[in-house]
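S.K.: Each chain, written out:
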Amino acid sequence: MTTVVTDKCSGCRFTDCISVCPVECFHYDEQMLYIDPRDCIDCGACLPECPVHAIYEEADLPEGQEKWVQINAERASGLPSCTEPMEPLPGAEERKAALGY
Amino acid sequence: MDDAGTHAQPTRRKDGRDAARNPLRIAIVGSGPAGFYAAQALLRSGRQLTVDVLDRLPVPYGLVRHGVAPDHQKLKSVTTLFEKVGRSDNFSFRGNVTVGRDVSIADLKDTHHAVVLAYGAATGRSVGIDGENLPGSLSATEFVGWYNGHPDYRDLDVALDTSAAVVLGHGNVAVDVARILAKPAPALASSDIAAHALDALGNSRIREIHVVGRRGPVQSKISPKELRELGGLEDCDVTVRPDELALNTESRAELDDPRAEEAQRRLQLFESFAIPSRGSVARRIEFRFLSSPVAIDGDTRVRGIMLERTRLCGKPFSQHAEGTGEHYRLEAGLVIRSIGYSGLPIDDGVPFDVDRGIVPNVDGRVMSRGTPLPGLYCTGWIARGPRGLIGDNREHGVRTAKNVLEDFPEDATRDARPGIAAIDRLLAARGIRSVCMDGWRRIDESERGRGQRLGKPREKYTCIEEMLEHAAEPARS
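Protein sequence lines, in the order shown, are assigned to chains A and B. Everything in the first sequence is counted per my numbering, starting at 747 for the first residue and increasing by one. Everything in the second sequence is counted per my numbering, starting at 36 for the first residue and increasing by one.
Simulated from the structure, these hints should not be mistaken for laboratory data. Note that this is a predicted model, so its numbers are computed, not measured. There may be inaccurate statements among the hints.
Said to hold, decoys possible - Derived DSSO-like pairs: lysine-lysine, alpha-carbon spacing no greater than 27 angstroms straight-line: (1) B:Lys109 <-> B:Lys256; (2) B:Lys119 <-> A:Lys842; (3) B:Lys437 <-> B:Lys119; (4) B:Lys144 <-> A:Lys813; (5) B:Lys109 <-> B:Lys119; (6) B:Lys437 <-> B:Lys144.
Claimed, not checked - A few chain A residues that face chain B, going by a derived Cβ cut-off under 10 angstroms, partial list only: (7) Val766; (8) Pro768; (9) Val769; (10) Glu776; (11) Gln777; (12) Asp782; (13) Asp785; (14) Ile787; (15) Cys789; (16) Ala791; (17) Cys792; (18) Leu793; (19) Pro797; (20) His799; (21) Ala805.
Stated by the list, open to error - To spell it out: a stretch of chain B is covered by chain A in this simulated footprint if at least three of its residues, at any positions, have a beta carbon under 8 angstroms from a beta carbon of chain A; those stretches are: (22) 112-124; (23) 259-268; (24) 295-301; (25) 422-428.
Ideal Cβ positions, reconstructed from N, Cα and C, are used throughout, including at glycine.
Here chain A stands alone, though its shape is the one from the complex:
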């Protein structure tokens, strides 16, 4: 069991999740955030924080999204750690609206 960021984050990168992560397990690239499963303790604090509900527990991933478990694990380890909230990406609000939130 692990917690994963899905592609709903891509293009938004709101980082509301960052302030409540107890173990600083989020990493980022220019598109989105990723969770390092080796650091995440599955506390679930980030889940309700995401404005676009991009974060899921593995067991709750919508169909077709299972690949994100591996993507998070692979991408996170090589990327810088995100320890403080950042400005959302340009166009994040529009994308949020387009996602229905």
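Assemble chain B onto chain A, guided by the hints.
M.R.: Leaving out everything else, chain B in the frame of chain A:
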């Protein structure tokens, strides 16, 4: 004392003039997540400062050690981060020091520039019904402290010689309580559950656990993950009465909100429990909704609890439960209330909001009659009430730290304060044996060693004397 806490020296300007800048001395009361996240944020600022964390117990980490369930070891591994903070220069820990008794807030303020209260919410709220004080009626704080080996609750008498238990409350702590009561003892044996609790639970006669909430399944605060875990318990059924899952229009509206994914998932899980009990299992957990406790009955001990059926009233997202006048009784020899925690006042020198059980504050600055008290701050549950997960304290700690640093700007001159060295002298004079970070590491190592021999991550020491004994430096031969 062997901590590095006193090493920050005044900085001198390069021009050599004696314009020493005295390091900012900050004391933090409480070494749970709130205290450690505040400490981390302060130490990360890069400012010239020292952080001294005090705790009334000889051991740190608060509810991570004594609250998080023993079968949730992954969650407990958040202490890795606290250990890292504990190794910082300019950090020191003093356990076994009760602020308000061994040292006063005034002592801390005399020796430090700022004091941050992070001592949490130590007591379980009461329901305020008859029979609540009968033997067999406990708060979740007591029960959780008992199975987690908290020194205050190690001798608690938990009535497990009964066939049914009632847990009041529909939050994650209520689910922890139900799960620990329901799990076969061998399934807990490899956790860091206290030995006395493992023994007692191994002889438990409890077969039925009713988890009772005032509102409906949509308003429950239980995380889907916790529910899923319950559903997977060995030799245990989880049931819900289908009629109690019927939703009113307002609850449907709450579910239809696009942000209600978690509530939808939770409802799906409750619905999956609404199937006939298999009947052949050792134990059963039953969720009861729309039921409010009226009175606990019994002569010399708890025998049962009277509940009143409720209905939901009000607008979506602010529905509350109102009594219908219809009652039913559950037979149970053990009633555990898990309806929230409350903070306690610490010292006459600190204002306290009795109704809310918190220290009154604005963004972590302690307030007295509408004005901030200089140098006094708070964070975590004692500041905002007992809500949120471990990580929520991080956000709060960062904010409080920011305000402390804002109130003591880097370029401002300030008087020198002695910090922890002076507190150590006070403690020595008052005959208090405090435990520093190295002392805790010795306790930790010894607990892990004991645990290893039993196939557990650790076997905790549960009495203060034992802790102090193992904190002491080994005698040189």
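S.K.: Look at each hint and say if it fits the structure.
M.R.: Right, here's what the structure says about each hint:
1. B:Lys109 <-> B:Lys256: holds, 21 angstroms
2. B:Lys119 <-> A:Lys842: violated, 37 angstroms
3. B:Lys437 <-> B:Lys119: holds, 21 angstroms
4. B:Lys144 <-> A:Lys813: violated, 54 angstroms
5. B:Lys109 <-> B:Lys119: holds, 17 angstroms
6. B:Lys437 <-> B:Lys144: holds, 19 angstroms
7. Val766: holds, 4 angstroms
8. Pro768: holds, 4 angstroms
9. Val769: Hint holds; Val769 of chain A Cβ to chain B Cβ min 6 angstroms, cut 10 angstroms.
10. Glu776: violated, 25 angstroms
11. Gln777: violated, 23 angstroms
12. Asp782: violated, 13 angstroms
13. Asp785: Cβ of Asp785 of chain A sits 9 angstroms from chain B, so the hint holds.
14. Ile787: Ile787 of chain A check passes; min Cβ-Cβ to chain B is 5 angstroms, inside 10 angstroms.
15. Cys789: Holds, because the Cβ-Cβ distance from Cys789 of chain A to chain B comes to roughly 5 angstroms (cut-off 10 angstroms).
16. Ala791: Holds: closest Cβ of chain B sits about 4 angstroms from Ala791 of chain A, inside 10 angstroms.
17. Cys792: Because about 7 angstroms separates Cys792 of chain A from the closest Cβ in chain B, which is inside the 10 angstroms limit, the hint holds.
18. Leu793: holds, 7 angstroms
19. Pro797: Pro797 of chain A check passes; min Cβ-Cβ to chain B is 9 angstroms, inside 10 angstroms.
20. His799: OK, holds: His799 of chain A within 10 angstroms of chain B, min 5 angstroms.
21. Ala805: holds, 6 angstroms
22. 112-124: Coverage by chain A holds here, the residue count being 4 at a Cβ distance below 8 angstroms.
23. 259-268: holds (count 3)
24. 295-301: holds (count 3)
25. 422-428: With 6 residues in contact (Cβ-Cβ under 8 angstroms with chain A), the coverage given for the stretch 422-428 of chain B holds.
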